[in-house]
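Asker: The lines below spell out each chain.
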Amino acid sequence: MNLTINGEARTLPPLPHLAALVSELGLDPRKVAVERNLEIVPRSAYDRTPVADGDRIEIVHFIGGG
Amino acid sequence: MDDASQRPAGVEDTWTVAGRTFTSRLIIGTGKYKDYATNAAAAEAAGAEIVTVAIRRVNLSDPSQPMLVDHVKPDRFTFLPNTAGCFTGEDAVRTLRLAREAGGWNLVKLEVLSNTKHLLPDMEETLRALKLLIADGFEVMVYCSDDPVYAQKLEEAGAAAIMPLGAPIGSGRGIQNMLNLGLIIEQAKVPVLVDAGVGTASDAAVAMELGCDAVLMNTAIAEARDPILMASAMRHAVLAGRQAYLAGRMPKRMYADPSSPLSGLI
Numbered sequence: 009m010n011l012t013i014n015g016e017a018r019t020l021p022p023l024p025h026l027a028a029l030v031s032e033l034g035l036d037p038r039k040v041a042v043e044r045n046l047e048i049v050p051r052s053a054y055d056r057t058p059v060a061d062g063d064r065i066e067i068v069h070f071i072g073g074g
Numbered sequence: 256m257d258d259a260s261q262r263p264a265g266v267e268d269t270w271t272v273a274g275r276t277f278t279s280r281l282i283i284g285t286g287k288y289k290d291y292a293t294n295a296a297a298a299e300a301a302g303a304e305i306v307t308v309a310i311r312r313v314n315l316s317d318p319s320q321p322m323l324v325d326h327v328k329p330d331r332f333t334f335l336p337n338t339a340g341c342f343t344g345e346d347a348v349r350t351l352r353l354a355r356e357a358g359g360w361n362l363v364k365l366e367v368l369s370n371t372k373h374l375l376p377d378m379e380e381t382l383r384a385l386k387l388l389i390a391d392g393f394e395v396m397v398y399c400s401d402d403p404v405y406a407q408k409l410e411e412a413g414a415a416a417i418m419p420l421g422a423p424i425g426s427g428r429g430i431q432n433m434l435n436l437g438l439i440i441e442q443a444k445v446p447v448l449v450d451a452g453v454g455t456a457s458d459a460a461v462a463m464e465l466g467c468d469a470v471l472m473n474t475a476i477a478e479a480r481d482p483i484l485m486a487s488a489m490r491h492a493v494l495a496g497r498q499a500y501l502a503g504r505m506p507k508r509m510y511a512d513p514s515s516p517l518s519g520l521i
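Quick note, the sequences are listed as chains A and B, same order.
Sequential numbering of the first sequence, starting at 9, is according to our numbering.
Sequential numbering of the second sequence, starting at 256, is according to our numbering.
For reference, chain A alone in the conformation it holds in the complex (with noise of 0.2 Å):
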């Protein structure tokens, strides 16, 4: 499965859902904020959100800033 994760392009197994590419990665789906085609997901509904070929995904947390 093709996948555009944060502008980098990725190729990675066939994952049901989006809770399972957070885990895939090896993210604490807690500590991050999730866009699937711009559209953000609410963390509640990542386990059934399905992760489609060609998806754009956005994956962004909190960093330090002023």
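Think of the hints as simulated: they come from the structure by calculation, not from any bench.
Some clues are possibly wrong.
DSBU-like cross-link-like pairs, simulated, lysine-lysine; straight-line CA separation at most 30 Å [to be verified]:
| id | chain 1 | residue 1 | chain 2 | residue 2 |
| --- | --- | --- | --- | --- |
| 1 | B | Lys386 | B | Lys408 |
| 2 | B | Lys408 | B | Lys372 |
| 3 | B | Lys507 | B | Lys444 |
| 4 | B | Lys328 | B | Lys289 |
| 5 | B | Lys408 | B | Lys444 |
| 6 | A | Lys39 | B | Lys386 |
| 7 | B | Lys289 | B | Lys372 |
| 8 | B | Lys328 | A | Lys39 |
| 9 | A | Lys39 | B | Lys287 |
| 10 | B | Lys289 | A | Lys39 |
Where chain B lies over chain A, by a calculated footprint (3+ residues, C-beta under 8 Å) [to be verified]:
| id | segment |
| --- | --- |
| 11 | 9-17 |
| 12 | 26-35 |
| 13 | 38-45 |
| 14 | 56-69 |
Just so it is clear, the structure is predicted and the values come from calculations on it, not from any experiment.
Backbone N, C-alpha and C fix where the C-beta goes; we use that ideal spot for every residue, glycine too.
Add chain B to chain A, keeping to what the hints say.
Answerer: Relative to chain A, chain B alone:
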């Protein structure tokens, strides 16, 4: 501007923004620190209750790198997500929607900048972004120029707080236009915070003596030789400035006025 100067003695000196009440009048940023541990220690030394944070892409190549929330904890500090790096209203809305999902807060700091050289706010776009954010349910503290006319427009559009710069972000040049800040403070019915430009403790004291409700700073602490000691200095400066404002300063005079009586001299 609040009416704390009229409060009865013994009542705690607090300020309130968007229905949330705080005791500390020093908000600190979390950028530019050598590491998050120093940042957390500085936040404690500053006595801060609110910290600003930015939202960025996670580093996919190293998901185990240190994370801000593991050091500066969201159950200890109120996070104030910012829109640093946004140049349009749409960018700001997108960024803060993600921040709201990441943390669950709707109190945010809006900053829409014009160019990367002076980082001065684009006020036309800031006002447009403010209206978009308010329509989306956010409570918005707005970084702005020290222009009383635009400050009034922001307030009329529903800003939760007005945050004029003292000087450009990261410049450390102190309060450049006390006259304009005074006008903004005098007219505002929402909190006014000096955001950006503070370089050292006396700058923070000046901002508070003018009657600001609070001061927001980042570089002045993060780039001090000893950030934790500077955080403590800022805590005292903000408190000193606040107390001087409440106490009401003496008038300035052209000529000397002796402190010892001139009568009864031998």
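Asker: All the hints need checking, so say for each whether the structure fits it.
Answerer: Tested hints:
1. A hinted pair counts as satisfied when its Cα atoms are at most 30 Å apart, and Lys386/B with Lys408/B qualifies at roughly 11 Å.
2. With a C-alpha separation of about 26 Å, the suggested pair Lys408/B and Lys372/B falls inside the 30 Å cut-off, and the hint holds.
3. A hinted pair counts as satisfied when its Cα atoms are at most 30 Å apart, and Lys507/B with Lys444/B qualifies at roughly 28 Å.
4. Restraint check for Lys328/B and Lys289/B: the C-alpha separation of about 17 Å stays at or below 30 Å, so the hint holds.
5. Pair hint Lys408/B plus Lys444/B holds up; C-alpha atoms about 12 Å apart against a cutoff of 30 Å.
6. Pair hint Lys39/A plus Lys386/B holds up; C-alpha atoms about 28 Å apart against a cutoff of 30 Å.
7. Our distance criterion of 30 Å between C-alpha atoms is met by Lys289/B and Lys372/B, whose separation comes to about 23 Å.
8. Between Lys328/B and Lys39/A the alpha-carbon distance is near 11 Å, which keeps this suggested pair within the 30 Å criterion.
9. Distance hint between Lys39/A and Lys287/B is fulfilled; the C-alpha atoms sit about 21 Å from each other, no more than 30 Å.
10. With a C-alpha separation of about 22 Å, the suggested pairing of Lys289/B with Lys39/A holds against the 30 Å cut-off.
11. Here the segment 9-17 of chain A counts 4 residues with a CB under 8 Å from a CB of chain B, which clears the bar of 3, and the coverage holds.
12. Given a C-beta distance limit of less than 8 Å, the hint that chain B covers the segment 26-35 of chain A holds, as 3 residues qualify and 3 suffice.
13. For the segment 38-45 of chain A, the assignment as covered by chain B holds, since 5 residues bring a beta-carbon within under 8 Å of that chain's beta-carbons and 3 suffice.
14. A stretch counts as covered by a chain when three or more of its residues have a beta carbon under 8 Å from one of that chain; for the segment 56-69 of chain A and chain B the count is 4, and the coverage holds.
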